[in-house]
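Asks: Dock chain to chain to rebuild the complex, using the hints, since each chain is given by itself in its own frame.
As a plain string of letters, each chain reads:
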Amino acid sequence: MDISKLSTQINMDDFIPATEEEKEYMVQMRPSSTFFKDSVKRLLRNRVATVCFFIIVLITLAAIFIPMFWPYSYDQMLGMTPGKPVDNTFKDLKPFQYGASELALIDSGESVVPHIFGTDSQGRDYFIRVVYGTRISLAVGFFASIIVLIIGMTIGSIAGYAGGKVDLIIMRIVDIIYSLPDMLMVILLSSVLKVVMEGALDGTVLAKIGSNIISLFIVFGVLYWVSMARLIRGQILSLREQEYVLASQAAGARGKWIILKHLLPNCFSVIIISTALQIPSAIFTESYLSFLGLGVNAPMPSLGSLASDALNGISSYPYRLVIPALVISLIVLSLNLFGDGLRDAFDPKLDT
Amino acid sequence: MSEAAKTENLVEIKHLKEYFNVNVGFFKSRPLKAVDDVSFSIKKGETLGLVGESGCGKTTVGRTILNLYKPTAGEIWYDGKLIKTDADIKEFRKKATMVFQDPYSSLNPRMTVSDIIGEPLDIHNLYNTKEERRERILELMGYVGLNSEHASRYAHEFSGGQRQRIGIARSLAVNPEFIVCDEPVSALDVSIQAQVINMFDELQDKLGLTYLFIAHDLLVVRHISDRIAVMYLGKLVELADANEIYDHPIHPYSKSLLSSVPVPDPKIARANKRIILSGDIPSPLNAPSGCPFRTRCPHATPECAESMPELKELSSRHFVACHHPENIA
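Quick note, the sequences are listed as chains A and B, same order. Quick note on numbering: the first sequence equals residues 1 to 352 in the working numbering. Quick note on numbering: the second sequence equals residues 353 to 681 in the working numbering.
Since the hints were derived computationally from the structure, they do not count as laboratory data. Heads up, a few of these hints could be off.
[What the hints assert, rightly or not] List of simulated lysine-lysine pairs, DSBU-like, C-alpha gap at most 30 Å:
hint, chain 1, residue 1, chain 2, residue 2
1, B, K422, A, K165
2, B, K369, B, K433
3, B, K607, B, K558
4, B, K482, A, K256
5, B, K446, A, K256
[Claimed, not checked] Facing chain B, according to a computed beta carbon distance under 10 Å, are these residues of chain A, among others:
hint, residue
6, F35
7, Y244
8, V245
9, L246
10, A251
11, N266
[Stated by the list, open to error] Some chain A residues near chain B, calculated using beta-carbon distances under 8 Å:
hint, residue
12, S179
13, P181
14, S248
Glycine included, C-beta positions come from ideal geometry on N, C-alpha and C.
Just chain B, same shape as in the assembly (with noise of 0.2 Å):
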């Protein structure tokens, strides 16, 4: 995709809110604040990775995106349109699709895999004879690198790549633009996941989409991301170019969490410090006031916990929600 189409946003999302009722005593329940006030767009063509530890409300985000989840408040908006009523999640369900982490629990056991593939184009219908539908899930099949005569065969025969295979070409069945993967290489063996990467990235030059990249696995997202979102407790924190978050973080979350990557030369290793975190990650549940960091950062003052620093624009395109960036680098 060359770098003018990269300017048009294709998916916009602001102040996304996603609280989820928990019951906590008997009539009780108090909401778990998933993802609190989430806003970023992702450009035509563009990979955005999306990186955060477990629990912060990454794959909320993506569902979210795709209204799996129906959003508690924000906007999300597609194209230049938002996407609010019934028939426009219609709509967008032909145009948006999704690439799950399990390879084993993603795909049903009682499905062929030519069914599985098959099955968007049978909720829309995108076909008018059972010949059409067979020779474009043979095309898809042919895009993942699967042989024909896999078609007739069930998920359980195939290994986790194969798996990941099936799951992907299932979501490239009604022609979509953007894909959300939802950390679609964390369950593969390291060298399947190399593998599973490269086609992501082949088959976006070849068919021009869009994806939003969830993972926690650092230098997976580094390799395929465009930008680099960076989320902690519901939050986002840092947005920048992947290269100029790997480089210059500032937040003093990213800055942890990029110094927990280890490095293949030891004596750079030797020279990197790592920067451990103390404490745990609070509950989401009783999350702390202000910046949901405070609590664990080193350079926290009483300011952070009044209000929640706004995502500002420190540098070009890079996005930081901090009171003291400047204490920091």
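This is chain A alone, in the form it adopts within the complex (with noise of 0.2 Å):
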């Protein structure tokens, strides 16, 4: 079209429709963010807490796969081999030192897995029991926090969305199990339960990580699910009165329903946070429980119970009380610190 360059007659042909091609550009769709993504990018970029995921991480992996290879065994006693003469060059090496038969094999050319933090006083080598301890420390952990958040969950729960009287009975019970004193309750049960489990366990394998262990994860299921109960009953009681929750209603649901699929993913970060945090404070329990001698069956170490038995020769061997100590120290502080983190990435109230 030919017009002049001062007209104000529209160019029709500046205004062509778009083609499909040119309409797929315009339409540009972000990828669907969820909440958990966001948080988990929230976390990532807190290093503290990545650092302290890497350290668990890295932990829980090596307790897990070094006693796979490992040449030493946490209860084999070196220099002890049937039919010989015991080797007393075993008991009480320092780190990286050899016992005697050892040291004519490395004479002879041969290579020999080095005592990292040397051996006890029976000749067991130190490192891998410290491996097992962790692995006995981080299970103890791990499992009495599922079994709190099991528990604690169902109940708070029900608790919070019944409300009236089956809330009142409920939190009552709470009240009551909260008044009573747990080390007391430990105590009790394990001297208790020794008694009465000694022969129904032999065989299986329980038996290897003793009524003590046992005991313990009884304590927690019955005692400590009262915190994480309380939590939950608390948000569920706030988030009940929201509004989705009575269309579900509205719709028909029940109660298993709506607690499953609107109250619990919504106390999502709450129920994470308080898990985390839970580790931490079980895995303590469980070793100065130990370290009193409640812990685990001898010969299974735990950390705790490192630390106890080292106290024996602390003057001539204190390194063997200050690394299961470390250790110790190292996982609880990770796992409050990344706590921490996750609960600044998933509550949502401290982002603005």
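Replies: This is the structure:
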């Protein structure tokens, strides 16, 4: 079209309909982001929490996999070979020292896996005992938290959703349990269970960890769920007033559906944060119970019992106390810092 | 919907009462009469508007009809059947649904749009295959003007108007006949309100729906309703056809309420005198005896304190609960 530059007539060539391709180009759909993805992004931005997470993963992997290929085992007394006299050179080795027969092997050109942390008074490789101890401590912490989570979540959500008399009764039970001295309960239960379970456990996997740890789990299951239950009840009390719960009821949903589909997913952040913070407290409890001699059965080590055993030779071998203590501190500190990071990342109220 | 079909009652409530126990002091509790002896009926294909100021029990009426609150007394009849047992209620939930006021809190932030809309389908097992469920959800999203790409998104990614459309699609999922709309547009912008209101109109024509439309915006209610009921302090004070009640309100409360509606023409607005009521709405915990409006009514007489006036049909299809309607008009 030939028109003057000053003409006010619109050049219709500028207004051709867009092709399908051009339309496609204009529609820019941002990939949908979920609350979870956003939170993980926030968590990764928190350096301390990320580092702690890697430390936890590293320690966990080490505790799981190192015993699989390490040539020594936690209960093998080196220098004790059937049919031969006891070789006392393996007892109380300092780090990176070797026993008499091992020195002979090294001289003949073979390589021997070093005793990184030396050996203990019975000639057992201390490194693998620390690794096993970590394994036990982590397992206790993890499973105890799972038990607390499941019981606390179930009871708390029922109390919060049902309300009224059910809530009243459950919360009074919680109050009563709160008033019981938990350490006393652990000690009482372990001594009772020791007698009750003595024979029953023989030959099962549980025999190795011993009745003390099982009583610890039972105490966690019976006593420690209360704070989790309170927490979740509080959350659910406020969430159930939301209109989407009413909408679900209006659609005909029952209590179980509403709790599972609407209420618990919205407590998700609180649940993982408090579970993450529960693990170190369980590890702590296990450690000092073991230190008091109420932990795992010998010869199975745990970090607490290793520290306890080390007390006998503390002036000659202080590192035997320092190493398990350091490992406990490292695990508990990392888990706590990671839990704090989780809370910052998952609590949207802090993020404005 | 044809006029002939509108003669049949779909929903009928008789002497509905809903009292909540409120704790006053340590061991005492007193009933809060949120809804006190309300009766009305809604015809098939009709829209009944329910208006009144905040706290007068409009929302409670809507929720009690759907049995979200168990009625303290009274009967709810649906399609000629009394809704009483749990089995009745379960069946009733497939026919009567609700649209909520707040488009923000009525959608679960952890669910995708397709899960929110599909929830009633899941609850009632209304599909056989996943494919069937998906198709139904997309069909519902089409009804309310949402794109199929929106299905996998979360509620927080939408604007208020779009969220309300999601809520409406959810209420349509079970193919209901009756929808309680609890102030569905009061949380929206005026321009969006118009879109959503028109959508309600279109859906009514297309799907033959019956609405109970609760609102406090009188212009919106007039636009969408066939008949309008006015509530005050838990009681029904006036019920009439929409135009009748706007042109000839009888009850002094309705008169005052309607005089508060802004008129776009300043000349008319200046000519209209606003009736400003003295005092506040009394607490429903401490409702006045007799007629609840007597404390603020300019025409109150001693008789008003003695008994609650019955809802009487003054002219054709125009019901008023007042002792002295002749004094006012």
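Asks: Need the list of violated hint numbers for this structure, in ascending order.
Replies: Hints 3, 12, 13 contradicted; others consistent.
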